[in-house]
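Residue strings, one per chain:
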Amino acid sequence: MIKKRITSPHVGEPPEKTWSNCLVVGNQFFISGMTARDGTTVLGGDSMYGQAQAVFTKIRHLIEAAGGKPNDVVKVLIFVTDIKRREEVWKARAELFSGDFPASTLVECSALAAPELLVEVEAVGFFGAGG
Amino acid sequence: MIKKRITSPHVGEPPEKTWSNCLVVGNQFFISGMTARDGTTVLGGDSMYGQAQAVFTKIRHLIEAAGGKPNDVVKVLIFVTDIKRREEVWKARAELFSGDFPASTLVECSALAAPELLVEVEAVGFFGAGG
Amino acid sequence: MIKKRITSPHVGEPPEKTWSNCLVVGNQFFISGMTARDGTTVLGGDSMYGQAQAVFTKIRHLIEAAGGKPNDVVKVLIFVTDIKRREEVWKARAELFSGDFPASTLVECSALAAPELLVEVEAVGFFGAGG
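Protein chains in written order, with the numbering used here: chain D, 3 to 133; chain F, 3 to 133; chain A, 3 to 133.
Okay, chain D solo, but in the shape it has when bound (with noise of 0.2 Å):
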């Protein structure tokens, strides 16, 4: 049950030797805590709904390159730099998952990679498991 490495034509590729953006093995996917960086941008902006939006976007590209569907997913672990703007975040959330949300953890953070991040979330998930 080797691992492999997903990419998404969607998604862009991290520096070399850093992390993978979604790993396979057997049944299983692993995504890696995805921001709404996009090169030198932020998808959103300033807005953490905007930013959550671009964010389970790339998981969703990430989820169909590896040939799943987002509800699939088992569990997302969501880190925010305001709580107070969480409600922000389910809004996006919602407009990807359907049925039996994942089980979900969500946190402030002192901070993520760059200042303008305002949300960061990673996801594991079952081939299958969504029906």
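Since the hints were made in silico from the structure, they are not lab data.
It should be emphasised that the depicted structure is a prediction, and the values quoted were computed from it without experimental measurement.
We put the beta carbon where it would ideally sit given N, CA and C, even for glycine.
Incorrect hints may appear among the rest.
Stated by the list, open to error - Pair ranges (Cβ atoms, derived):
1. F:ALA96 <-> A:ALA116: 14 to 24 Å
2. F:ASP48 <-> D:THR9: 28 to 38 Å
3. F:GLU89 <-> D:ALA115: 28 to 38 Å
4. A:GLU118 <-> F:GLU18: 39 to 49 Å
Keeping the supplied structure of chain D fixed, place chains F and A upon it in accordance with the hints.
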């Protein structure tokens, strides 16, 4: 291997279209970050130990509703708002588990979902892992 | 599929009734958030790179004690106390892994277990995933 949502009469359900407290996939279960919030009150008040007890009790209820046992947990991720009080969380954790404790990560985050919340814990496990 | 606790002579054991550094369940391993703490000292001193090297070395020792290889890791979760120094963590990480790196999330938390600790890393993997 379709995911199955687990509920417990002892654990309040989240709002619609946000998350599942517990999902089961195959022989694995995934429990969302639980806090001591109970409707409009916080179990355990301003005691880190009391809140942690409430959190671990919720986790126990969800695992039992799923047909497992606390010692089936293999990994917990714990966020506290005051790292200096982490041993109060240890104390509550030691009331839930026995034998070989789960792998664990515990860090201080800058905020949880409400200012009165002191601790959040997510858990992952495998049915039967506890023997 | 009963969980099995793994210890390494090269990695200090936690206090009783707190956590396991490494648990194995089936073909998967789960490694607790490791820091550079070694008894009463901190390996690597006040260097983020030095501490990260110590942390990844502990992770390697635990994986090898479990019968695996570093490249079997599929996901890491990294907390640092100063996000601006994250590339020092990247540098140490690149000394442990090769080929397709693990999925990774790295955020700044407000504090780790002691003020002198700069980085904490947890890891999840599958035996054989690294080929």
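Hint-by-hint comparison with the structure:
Distance hint check for ALA96 (chain F) and ALA116 (chain A): the Cβ-Cβ separation is about 21 Å, which falls inside the suggested range of 14 to 24 Å. Evaluation of the 28 to 38 Å hint for ASP48 (chain F) and THR9 (chain D) yields a failure: the beta carbon distance comes to about 48 Å. GLU89 (chain F) and ALA115 (chain D) have their C-beta atoms about 31 Å apart, which keeps the hinted 28 to 38 Å range intact. Our hint of 39 to 49 Å for GLU118 (chain A) and GLU18 (chain F) holds, since their Cβ atoms are close to 45 Å apart.
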